[in-house]
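Chemist: Sequence:
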Amino acid sequence: MKNLLLATGNPSKTREISAVLGNLPLKILTLAELEITAAEPAETGETFEENAQIKAEYWCEITGYPTLTDDSGILVEALPGELGVKTVRWGKGSEASDEEWLQHFLERMEKEENRAAKFVSVIAIAQPGKPTEFFSGEVRGEILREAAAPILPKIPLSSVFLAEGAEKVFAAMSSEEKAQHSHRGKALAEAKKFLERIIE
475 MKNLLLATGN PSKTREISAV LGNLPLKILT LAELEITAAE PAETGETFEE NAQIKAEYWC
535 EITGYPTLTD DSGILVEALP GELGVKTVRW GKGSEASDEE WLQHFLERME KEENRAAKFV
595 SVIAIAQPGK PTEFFSGEVR GEILREAAAP ILPKIPLSSV FLAEGAEKVF AAMSSEEKAQ
655 HSHRGKALAE AKKFLERIIE
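Per the numbering used here, residue 475 is the first one in the sequence shown, and the count goes up by one each step.
Calculated directly from the structure, the hints in this document are not laboratory data.
Treat each hint with caution, since some may be false.
[Claimed, not checked] Once the Cα atoms are required to be at most 27 Å apart in a straight line, the calculated DSS-like pairs of lysine-lysine come out as: (1) Lys-660 x Lys-487; (2) Lys-604 x Lys-660; (3) Lys-628 x Lys-592; (4) Lys-628 x Lys-560.
Fair warning: this is a prediction, and the values are worked out from it, not measured in the lab.
Input sequences plus hints: build the corresponding full structure.
Modeler: Laid out in structure tokens, this is it:
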């Protein structure tokens, strides 16, 4: 493997993933750089793993490049079955601004005393002619009652989620801190070990 496509339109995820994998001896590509015009695949899976697989295999087949995708979301104890794989589409939906989505979420949580939640991330790496590989990470924590840091594009919950053992929300962390503490950072650490073994 000499190239790896990060198949996400989320600029915050692109920065986060690139920060972890950037020192590997391979070229990291993005959909924007390749000027891909194909539509996003429908995320019809019932699990994070299924959706990550759908996206990774779709973009790998279209581009021919080994492809890494992430599917992530939050599980909130006070809202059982409501978010999870539907996190982006929940509430105000994917067409809402980050501010609108977060405001609706905090209003929905306003009267809830149980603020416990868990972030989950599944990384999928698809390669032409090979089985798709999966790497997962999760972090437990609590939902704050208001944003504790400026909202990052496309990941508004990172401003109100305080992980267990952390002193600040994900949106206030440096790339290095987030790689250590976040659900995606944990999944990426495992994915990086795999990539180190297969890089040509």
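Chemist: Compare the structure with each hint and give your call.
Modeler: Taking the hints in turn, this is what the structure says about them:
1. Lys-660 x Lys-487: 14 Å, holds
2. Lys-604 x Lys-660: Holds, because 24 Å separates the two Cα atoms, which is no more than 27 Å.
3. Lys-628 x Lys-592: Roughly 18 Å separates the two Cα atoms, so the pair holds.
4. Lys-628 x Lys-560: Cα-Cα ~14 Å, so holds.
Consistency with the previously given hints is maintained throughout, with no hint failing.
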